[in-house]
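Please take these sequences and the hints and turn them into a complete structure.
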Amino acid sequence: GESVGLHLPTLSVQEGDNSIINCAYSNSASDYFIWYKQESGKGPQFIIDIRSNMDKRQGQRVTVLLNKTVKHLSLQIAATQPGDSAVYFCAENNGDYKLSFGAGTTVTVRA
Amino acid sequence: NAGVMQNPRHLVRRRGQEARLRCSPMKGHSHVYWYRQLPEEGLKFMVYLQKENIIDESGMPKERFSAEFPKEGPSILRIQQVVRGDSAAYFCASSETSGSTYEQYFGPGTRLTVT
Numbered sequence: 240g241e242s243v244g245l246h247l248p249t250l251s252v253q254e255g256d257n258s259i260i261n262c263a264y265s266n267s268a269s270d271y272f273i274w275y276k277q278e279s280g281k282g283p284q285f286i287i288d289i290r291s292n293m294d295k296r297q298g299q300r301v302t303v304l305l306n307k308t309v310k311h312l313s314l315q316i317a318a319t320q321p322g323d324s325a326v327y328f329c330a331e332n333n334g335d336y337k338l339s340f341g342a343g344t345t346v347t348v349r350a
Numbered sequence: 120n121a122g123v124m125q126n127p128r129h130l131v132r133r134r135g136q137e138a139r140l141r142c143s144p145m146k147g148h149s150h151v152y153w154y155r156q157l158p159e160e161g162l163k164f165m166v167y168l169q170k171e172n173i174i175d176e177s178g179m180p181k182e183r184f185s186a187e188f189p190k191e192g193p194s195i196l197r198i199q200q201v202v203r204g205d206s207a208a209y210f211c212a213s214s215e216t217s218g219s220t221y222e223q224y225f226g227p228g229t230r231l232t233v234t
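Quick note, the sequences are listed as chains A and B, same order. Going by my numbering, the first residue of the first sequence is number 240, and it counts up by one from there. Going by my numbering, the first residue of the second sequence is number 120, and it counts up by one from there.
Treat the hints loosely; a few may be bogus.
Once the Cα atoms are required to be at most 20 Å apart in a straight line, the calculated SDA-like pairs of lysine to any residue come out as [claimed, not checked]: (1) Lys337/A with Glu222/B; (2) Lys281/A with Asp175/B; (3) Lys163/B with Asp288/A.
It should be emphasised that the hints constitute simulated quantities derived from the structure, not laboratory data.
So, in structure tokens, the structure goes:
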């Protein structure tokens, strides 16, 4: 079965609010996790990554949290903007080159 | 500084025809990966290539699919005798080197429709 998955397929958020997108993984050997953003008709775009020896990493308006105890990953987007509307994928890498993607969460920002 | 380039962006083929998808990696990248995305699903790894070598094709169907990355020119994903189930978006990614440390940069994809 899938080793990486997302809790909710869709998320609707008011512009300016914070968004939280969740992801569960089952492979405890995974040591590297990445969040990608995919806009309609485009390829996945790297947002932020985190290694298994960390539990939090911050970027510009985004924060990734990793809870290895429950094998859970989340992406927080601060002050969500219309341009954040997209499908968000978490992906895992267990030490080699293969990325395993979850099914994705569609984020829709309401004006 | 061009990113990963893929062409064509859209490809329509009738059942039984051949599809050829091309990928030019980012400048300086010698590692290429192909992924397939079915509607409403995440990307699935197909094959990993370096120049003139197939490193891992474990995600690629044994029949009808093949991939190459010649010394000169783009990487090619070839699908022979296409069937409706081959309709999907095919993404190519490239990296400077291999392993979990190095980011894979994705191209815009080729959307294959089999009629």
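Structure-based check of all given hints:
no. : hint                   : result
1   : Lys337/A with Glu222/B : 11 Å, holds
2   : Lys281/A with Asp175/B : 25 Å, violated
3   : Lys163/B with Asp288/A : 19 Å, holds
In summary, the one numbered hint that this structure violates is 2.
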